[in-house]
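Following the hints, position chain V against chain U.
Note that the protein sequences, when read in sequence, are chains U and V.
1 is the number of the first residue of the first sequence in the numbering used here; add one for each residue after it.
1 is the number of the first residue of the second sequence in the numbering used here; add one for each residue after it.
These are calculated hints, taken from the structure and not from any lab test.
Hints should not be assumed to be uniformly reliable.
Here are the simulated lysine-lysine pairs, BS3-like style, with alpha carbons at most 25 Å apart [unchecked claim]: (1) V:Lys49 / U:Lys68; (2) U:Lys356 / V:Lys351; (3) U:Lys455 / V:Lys44; (4) U:Lys368 / V:Lys302; (5) V:Lys336 / U:Lys426; (6) U:Lys322 / V:Lys394; (7) U:Lys297 / U:Lys412; (8) U:Lys297 / U:Lys203; (9) V:Lys351 / V:Lys49; (10) V:Lys43 / U:Lys68; (11) V:Lys393 / U:Lys417; (12) U:Lys68 / V:Lys44; (13) V:Lys55 / U:Lys412; (14) U:Lys417 / V:Lys44; (15) U:Lys297 / U:Lys322; (16) U:Lys417 / V:Lys394; (17) U:Lys231 / U:Lys347; (18) V:Lys44 / U:Lys347; (19) U:Lys412 / V:Lys394; (20) V:Lys302 / U:Lys426; (21) U:Lys149 / U:Lys203; (22) V:Lys49 / U:Lys417; (23) U:Lys353 / V:Lys351; (24) U:Lys169 / U:Lys46; (25) V:Lys368 / U:Lys426; (26) U:Lys368 / V:Lys336; (27) U:Lys444 / V:Lys368; (28) V:Lys49 / U:Lys412; (29) U:Lys347 / V:Lys43; (30) V:Lys351 / U:Lys347.
Sample of chain U residues lacking proximity to chain V, with all beta carbon distances greater than 12 Å (derived) [stated by the list, open to error]: (31) Leu58; (32) Tyr77; (33) Gln161; (34) Lys200; (35) Glu232; (36) Asp262; (37) Lys356; (38) Ile418.
From the three backbone atoms N, C-alpha and C, an ideal C-beta is built for every residue, glycine too.
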Amino acid sequence: MSKYTEDDLREELKTKEYEYGFYTDIESDTIPIGLSEEVVKTISKKKGEPAWMTDWRLEAFRIWEVMKEPEWANVNYVKPDFQAISYYSAPNKKPKYNSLDEVDPELLATFKKLGISLDEQKKLSGVAMDVVIDSVSVATTFKKTLSEKGIIFCSISEAIQEHPELVKKYIGSVVPRTDNFYAALNSAVFSDGSFCYIPKGVKCPMELSTYFRINQAGTGQFERTLVIADKESYVSYLEGCTAPSRDENQLHAAVVELIALDEAEIKYSTVQNWYPGNAEGQGGVYNFVTKRGLCEKRAKISWTQVETGSAVTWKYPSCILKGDYSVGEFYSIAVTNNFQQADTGTKMIHLGKHTKSTIISKGISAGKSQNSYRGLVQISSRADQARNFSQCDSLLMGDECGAHTFPYIEVKNNTAKIEHEATTSKIGEDQIFYCNQRGIATEKAIALIVNGFSKEVLNKLPMEFAVEAQKLLEISLEGSVG
Amino acid sequence: MELKEKLISSFWGLDSSVEVADHINDLRGVAIKIFEQSGFPSKKQEAWKYTSLNKIVNQDYSLESKSDKTIDFNQVKKYFLHDLDSYAIVFIDGVYSAHLSHTTHDGMDICLFSAALTKPKFRAIIENYFNKAASKDSMVSLNTAFASEGAFVHIPKHKAVEKPIQIIHFSTGHDSTMLLQPRNLIIADENSQVQIIERHQSLNSHPVFTNSVTEIFGERRSRIDYYKVQNDFEEASLIDHTFIKQEAESHCSVHTFSFGGKLIRNNLNFSQNGERIESTLKGITIIGEKQHVDHSTLVNHKAPNCESHQDYKGIFGDQSTGVFNGRIMVDQLAQKTNAFQSNNNILISDKATINTKPQLEIFADDVKCSHGCTVGQLDEDALFYMRTRGIPKKEAQGLLTYAFANNVLESVQIPELKQRINKLIANKLGVNIGFNL
Numbered sequence: 001m002s003k004y005t006e007d008d009l010r011e012e013l014k015t016k017e018y019e020y021g022f023y024t025d026i027e028s029d030t031i032p033i034g035l036s037e038e039v040v041k042t043i044s045k046k047k048g049e050p051a052w053m054t055d056w057r058l059e060a061f062r063i064w065e066v067m068k069e070p071e072w073a074n075v076n077y078v079k080p081d082f083q084a085i086s087y088y089s090a091p092n093k094k095p096k097y098n099s100l101d102e103v104d105p106e107l108l109a110t111f112k113k114l115g116i117s118l119d120e121q122k123k124l125s126g127v128a129m130d131v132v133i134d135s136v137s138v139a140t141t142f143k144k145t146l147s148e149k150g151i152i153f154c155s156i157s158e159a160i161q162e163h164p165e166l167v168k169k170y171i172g173s174v175v176p177r178t179d180n181f182y183a184a185l186n187s188a189v190f191s192d193g194s195f196c197y198i199p200k201g202v203k204c205p206m207e208l209s210t211y212f213r214i215n216q217a218g219t220g221q222f223e224r225t226l227v228i229a230d231k232e233s234y235v236s237y238l239e240g241c242t243a244p245s246r247d248e249n250q251l252h253a254a255v256v257e258l259i260a261l262d263e264a265e266i267k268y269s270t271v272q273n274w275y276p277g278n279a280e281g282q283g284g285v286y287n288f289v290t291k292r293g294l295c296e297k298r299a300k301i302s303w304t305q306v307e308t309g310s311a312v313t314w315k316y317p318s319c320i321l322k323g324d325y326s327v328g329e330f331y332s333i334a335v336t337n338n339f340q341q342a343d344t345g346t347k348m349i350h351l352g353k354h355t356k357s358t359i360i361s362k363g364i365s366a367g368k369s370q371n372s373y374r375g376l377v378q379i380s381s382r383a384d385q386a387r388n389f390s391q392c393d394s395l396l397m398g399d400e401c402g403a404h405t406f407p408y409i410e411v412k413n414n415t416a417k418i419e420h421e422a423t424t425s426k427i428g429e430d431q432i433f434y435c436n437q438r439g440i441a442t443e444k445a446i447a448l449i450v451n452g453f454s455k456e457v458l459n460k461l462p463m464e465f466a467v468e469a470q471k472l473l474e475i476s477l478e479g480s481v482g
Numbered sequence: 001m002e003l004k005e006k007l008i009s010s011f012w013g014l015d016s017s018v019e020v021a022d023h024i025n026d027l028r029g030v031a032i033k034i035f036e037q038s039g040f041p042s043k044k045q046e047a048w049k050y051t052s053l054n055k056i057v058n059q060d061y062s063l064e065s066k067s068d069k070t071i072d073f074n075q076v077k078k079y080f081l082h083d084l085d086s087y088a089i090v091f092i093d094g095v096y097s098a099h100l101s102h103t104t105h106d107g108m109d110i111c112l113f114s115a116a117l118t119k120p121k122f123r124a125i126i127e128n129y130f131n132k133a134a135s136k137d138s139m140v141s142l143n144t145a146f147a148s149e150g151a152f153v154h155i156p157k158h159k160a161v162e163k164p165i166q167i168i169h170f171s172t173g174h175d176s177t178m179l180l181q182p183r184n185l186i187i188a189d190e191n192s193q194v195q196i197i198e199r200h201q202s203l204n205s206h207p208v209f210t211n212s213v214t215e216i217f218g219e220r221r222s223r224i225d226y227y228k229v230q231n232d233f234e235e236a237s238l239i240d241h242t243f244i245k246q247e248a249e250s251h252c253s254v255h256t257f258s259f260g261g262k263l264i265r266n267n268l269n270f271s272q273n274g275e276r277i278e279s280t281l282k283g284i285t286i287i288g289e290k291q292h293v294d295h296s297t298l299v300n301h302k303a304p305n306c307e308s309h310q311d312y313k314g315i316f317g318d319q320s321t322g323v324f325n326g327r328i329m330v331d332q333l334a335q336k337t338n339a340f341q342s343n344n345n346i347l348i349s350d351k352a353t354i355n356t357k358p359q360l361e362i363f364a365d366d367v368k369c370s371h372g373c374t375v376g377q378l379d380e381d382a383l384f385y386m387r388t389r390g391i392p393k394k395e396a397q398g399l400l401t402y403a404f405a406n407n408v409l410e411s412v413q414i415p416e417l418k419q420r421i422n423k424l425i426a427n428k429l430g431v432n433i434g435f436n437l
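So here's chain U without its partners, still in its complex pose (with noise of 0.2 Å):
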């Protein structure tokens, strides 16, 4: 029998290294630090924007200016300073690609060790994926099959260029740029993204994604995306992050908008594994993200997230539950180890009749990791018959590690059913035994419990990603996921 325990566990966490901590040697164009209106100015003329896209910008950037940095989340780190960033790098190469083999093999062999490679997606999953190496998209698949059903899947500096009215309209109507600090700097200084417009009545035949990667050395991400489905559409869009191992703090400021038209449906699942810093606590990405999506009547907007790198983590997916009978989900699991630091949640804001909302969150912590959930409910008081469940589960492992629940349940209306619970524990030594008795390795009683308590969260995953969720989530938990 093996003799591995919950302290060899732990021990392991303490010592894994991140393996996919690697950077690939791509020239790029930078442009010097530093963050003024020239700065903005000079990358919306490098993208070739319209005039009102850098009117837009520039209007942002002012606001950013009077705003103060957030400190409410519980979260300890040292301030990134916005004038010692690079806002804008592009791989030199500009590339135009109609087949894989003219991708730069450097790219191509990136991609390998992340276990993704683009082929293998390619043929095997069926997958479109954008692309996004520091900020411009490099590569776009399956362009042509979702253009004759009149999905549009670009990058959001091509929408602005080839689909101005779409952008326009839509673009900072869920998150403002007045929304909050972070929100406000991307919307001055966003580089690239990813945008997608399903029309009416057409279900996306294919999950999209994008990979987003930080790249290069102290240039902090701004990626922008926009996904608009239009009545009664579906669509099923996946995001997915791995950046390689460096010791500066690295800013993620990502603003990502929803919007779900009349009886449309958006499932967002995001799997985030940013560099989490070693394990000294030295170095990692801040991931502070902004997203949020808008339902209108019948409308259902899903997140799923799964959190396992970034240093610290800032990020609370949210739902505006405007729309009658309107829906909203938000399934979440967040690991932290070592000294990662998480605040993460969602915000359901129930302004429609009959409309309804799920909240399942689960936290793992180990190390010395502080991990919190922090939510909202608000029913307002028009929202009659409104509906919500939350759960709030954290698992904590070893003794130096926190756990933390902060949900804010505001109710104005009296037909409202709300209930929320939430529990703290940690691997119970009866489960183990029992285990144990019936001849599994304590190594595998971990695993299974560990699983079982993240299942309901994994399960959400769509199919294609449920393997590479669980391949972030082992860098993470190796040896608790079997």
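Okay, now just chain V, sitting in the frame of chain U:
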């Protein structure tokens, strides 16, 4: 003049004729400085996010009672648990009323805080306990700066007090609007036992603003049951701070019944400083009109093998607002902690609001902590069932609501008080509960 300035200037003009120890004067000086710096809490502070004091602090208050007032016992008899033999400490507009009170120094001290402050024989106790459990935030500091009157209870070792102690604050509303700042100090020595009922009662609908602080010390193996009955008229506002410091193997429970007042804020802080401690926090809130009740609890688990139980029920009608802000903190040392928290609310009007924020902050791994929170309505099926059996709708609603709140009452140890609370609940719900529990 703003209330804040008025308070500060009146502090420096305080009558120093009452001799107190130097260190008390120092404490007061520090406290007023804290208040001067931070002022009244605003909604911008996380702890006061849902409760605004603006309306209250923008009124003009007189800080001292102008004349001695006496109330005829028959007038206030109904507010006493008269069928219960008890000690009583009664204040009228913040002034001690000797003829309504029943204090003792026989084998234990149940007397006035002002007496304890000034008499030399209490000097050591005051030095050891006064302001030792209280936090240093602005409202508490304001009270500390002016602390001069209230109840003082000191139960010596191995003494079980044979009858409950009632602490009753009446406000007559004879003067203009009053600001009252009572300060209570309760010390239960090793192995002692005491039951205390605290009641705030206004006698007519003049505005009164009470900023009360109570410090409770439960030494080893002591047992303390503390009941708060808040049934003021609609113009009265109460900010109550209760700090409980428990030592090993002590049991302490606090029940809060909030039925009245314009604005009530209850800050209830438990600090567990030894092993095998049990803390119980329970409350029933039934309000209507434009009333606002805010429960803010904190249980700080600092040592292993302790338990805490929280159970708060709220029933909100008309345009009332309920706030529950419960925090459980578990230190890294506090392994094997069991901490439970539940907050259930019923909204019976479409203009009522409930904001609830149950929080867990946990730094130890071998613990069992959970919280649950619900907002809902009475069960339609149950209502229908009762009505088919000939129970009028209102009665049926009352019964169901009563049943909803009832399990909080189960742990009330004083039968007479239980009976009284039952009646208050029935009155509040406008039903006649024809049975005794």
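Okay, the hints, checked on the actual structure:
Of the supplied pair hints, the one linking V:Lys49 and U:Lys68 holds, its CA atoms being roughly 20 Å apart against a limit of 25 Å. A hinted pair counts as satisfied when its Cα atoms are at most 25 Å apart, and U:Lys356 with V:Lys351 qualifies at roughly 21 Å. Of the supplied pair hints, the one linking U:Lys455 and V:Lys44 is violated, its CA atoms being roughly 39 Å apart against a limit of 25 Å. A distance of roughly 19 Å separates the Cα atoms of U:Lys368 and V:Lys302; the hinted pair therefore holds under the 25 Å criterion.
The hinted pair formed by V:Lys336 and U:Lys426 meets the criterion: a straight-line CA distance of about 11 Å does not exceed 25 Å. Restraint check for U:Lys322 and V:Lys394: not satisfied, since their Cα atoms lie roughly 35 Å apart, outside the 25 Å limit. For the suggested pair U:Lys297 and U:Lys412, the alpha carbons sit about 21 Å apart, so the restraint of at most 25 Å is met. For the given pair, U:Lys297 sits about 18 Å from U:Lys203 by alpha-carbon distance, which is consistent with the 25 Å threshold.
The suggested pairing of V:Lys351 with V:Lys49 holds, with an alpha-carbon distance near 19 Å, which does not exceed 25 Å. Our distance criterion of 25 Å between C-alpha atoms is met by V:Lys43 and U:Lys68, whose separation comes to about 19 Å. Between the alpha carbons of V:Lys393 and U:Lys417 the distance comes to roughly 21 Å, so the proposed pair stays at or under 25 Å and holds. Under the criterion of a C-alpha separation no larger than 25 Å, the hint pairing U:Lys68 with V:Lys44 is consistent with the structure, at around 15 Å.
Taking the CA atoms of V:Lys55 and U:Lys412, the gap is near 21 Å; set against the 25 Å cutoff, the hint holds. At roughly 28 Å between alpha-carbon atoms, U:Lys417 and V:Lys44 are farther apart than 25 Å, so this suggested pair is violated. Only pairs whose Cα atoms come within 25 Å are accepted, and U:Lys297 paired with U:Lys322 is accepted, the gap being roughly 7 Å. Annotation: proposed proximity of U:Lys417 to V:Lys394 holds, straight-line Cα distance about 22 Å (limit 25 Å).
The hinted pair formed by U:Lys231 and U:Lys347 meets the criterion: a straight-line CA distance of about 24 Å does not exceed 25 Å. The straight-line distance between the Cα atoms of V:Lys44 and U:Lys347 is roughly 20 Å, inside the 25 Å bound, and the hint therefore holds. Note on U:Lys412 and V:Lys394: the hinted pairing holds, with a Cα-Cα distance of about 23 Å set against a maximum of 25 Å. The suggested pairing of V:Lys302 with U:Lys426 holds, with an alpha-carbon distance near 18 Å, which does not exceed 25 Å.
For the given pair, U:Lys149 sits about 9 Å from U:Lys203 by alpha-carbon distance, which is consistent with the 25 Å threshold. Restraint check for V:Lys49 and U:Lys417: the C-alpha separation of about 23 Å stays at or below 25 Å, so the hint holds. The suggested pairing of U:Lys353 with V:Lys351 holds, with an alpha-carbon distance near 16 Å, which does not exceed 25 Å. Of the supplied pair hints, the one linking U:Lys169 and U:Lys46 holds, its CA atoms being roughly 23 Å apart against a limit of 25 Å.
Using a Cα cut-off of 25 Å, the hinted pair V:Lys368 and U:Lys426 holds, with the two alpha carbons roughly 8 Å apart. The straight-line distance between the Cα atoms of U:Lys368 and V:Lys336 is roughly 19 Å, inside the 25 Å bound, and the hint therefore holds. The hinted pair formed by U:Lys444 and V:Lys368 meets the criterion: a straight-line CA distance of about 24 Å does not exceed 25 Å. Simply put, V:Lys49 and U:Lys412 have alpha-carbon atoms about 16 Å apart, close enough for the 25 Å limit, and the pair holds.
Restraint check for U:Lys347 and V:Lys43: satisfied, since their Cα atoms lie roughly 20 Å apart, inside the 25 Å limit. Between V:Lys351 and U:Lys347 the alpha-carbon distance is near 22 Å, which keeps this suggested pair within the 25 Å criterion. Every beta carbon of chain V lies more than 12 Å from that of U:Leu58, the smallest distance being close to 30 Å; the non-interface claim holds. The claim that U:Tyr77 lies off the interface holds: its Cβ sits roughly 19 Å from the closest Cβ of chain V, which is beyond the 12 Å cut-off.
Annotated as non-interface, U:Gln161 keeps its C-beta farther than 12 Å from every C-beta of chain V; the closest such distance is 44 Å. Taking the minimum C-beta to C-beta distance to chain V, about 36 Å, the non-interface status of U:Lys200 holds against the 12 Å cut. The non-interface label for U:Glu232 is consistent with chain V: the shortest C-beta to C-beta separation is roughly 33 Å, beyond 12 Å. Distance to chain V confirms U:Asp262 as a non-interface residue, since its nearest Cβ pair spans about 27 Å, more than 12 Å.
Residue-level check passed: U:Lys356 sits 15 Å from the nearest beta carbon of chain V, beyond 12 Å. Some Cβ of chain V comes within 12 Å of the Cβ of U:Ile418; the nearest lies about 4 Å off, and the non-interface call is violated.
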